[in-house]
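Take 4 as the starting number for the sequence shown in our numbering and just add one per residue.
If you're looking for bench data, these hints aren't it; they were derived computationally from the structure. The reader is advised that the hints may include incorrect statements.
Said to hold, decoys possible - For each label pair, taking beta carbons as the anchor points, the in silico distance ranges come out as:
#1 Leu124 - Ser27: 36 to 46 Å
#2 Arg113 - Asp142: 17 to 27 Å
#3 Asp58 - Ser122: 33 to 43 Å
#4 Thr49 - Glu81: 15 to 25 Å
#5 Ile59 - Asp147: 11 to 21 Å
#6 Gly136 - Val39: 17 to 27 Å
For each residue, glycine too, the CB sits at the ideal point set by N, CA and C.
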Amino acid sequence: MIIAYRNFRDEEYEVPHKIFEELSADVKTFSDELGVAQGVDGMEVTVDSRLIDLDIYEFDAIVFIGGPGALEHLDISESYQIAKDAIKQNKILAAICIAPGILAKAGVLRGKRATVWTSSLNKDAQRVLEQNGAIYQSDSVVVDGKIITADGPNSVEEFANKIVDALK
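Go ahead and model the full structure; you've got the sequences and the hints to work with.
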């Protein structure tokens with residue numbers, strides 16, 4: 004799982020992490036910095052390793068978590084490369100909230116159906132998807148092959164379950 008070192012969305016990390024661990028998955032947390040990452044609502048998570056040290060071959064799925072810090076901390080070349088490598092290695096690639104924009108900027112959503120967080124007042128993230136060739140859908144969770152996207156915290160349980168289904 005990949006989180007911003009500051010201001011990741013707590014429940015978008017906590018719910019899938021719990022579901023994955025209940026299924027005995029070996030879950031590792033990566034971020035742009037080492038130490039204790041801080042969520043928007045105060046959750047603290049010990050980062051296992053930095054993004055640059057992520058070895059895509061060790062994992063079946065790569066999950067980008069959203070929140071306001073995602074664009075500040077994760078909208079970087081390392082994230083783009085991880086997304087590209089996940090696709091090349093036929094891994095499950097998932098992103099929630101604002102994080103699908105990172106996948107779009109990496110070029111892996113071109114021609115793919117995807118969703119992202121938007122509001123009635125802010126459609127910027129939707130535009131990022133569309134400008135990078137994604138087919139935006141307003142559904143809460145969208146699965147297109149091995150790419151899974153979700154629009155935010157209200158969809159987190161369904162998002163996590165779709166990842167689990169894809170791993171079967």
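Verification of the supplied hints:
Here the CB-CB span from Leu124 to Ser27 is close to 42 Å, well matched to the stated 36 to 46 Å. Evaluation of the 17 to 27 Å hint for Arg113 and Asp142 yields a pass: the beta carbon distance comes to about 19 Å. The hinted range of 33 to 43 Å is satisfied by Asp58 and Ser122, whose Cβ atoms lie roughly 37 Å apart. Distance hint check for Thr49 and Glu81: the Cβ-Cβ separation is about 20 Å, which falls inside the suggested range of 15 to 25 Å.
Remark: the range hint 11 to 21 Å for Ile59 to Asp147 is upheld by a beta-carbon distance near 20 Å. Taking the beta carbon of each, Gly136 and Val39 are about 37 Å apart, not inside 17 to 27 Å as hinted.
This entry does not satisfy hint 6, going by the numbered hints stated previously; all others are met.
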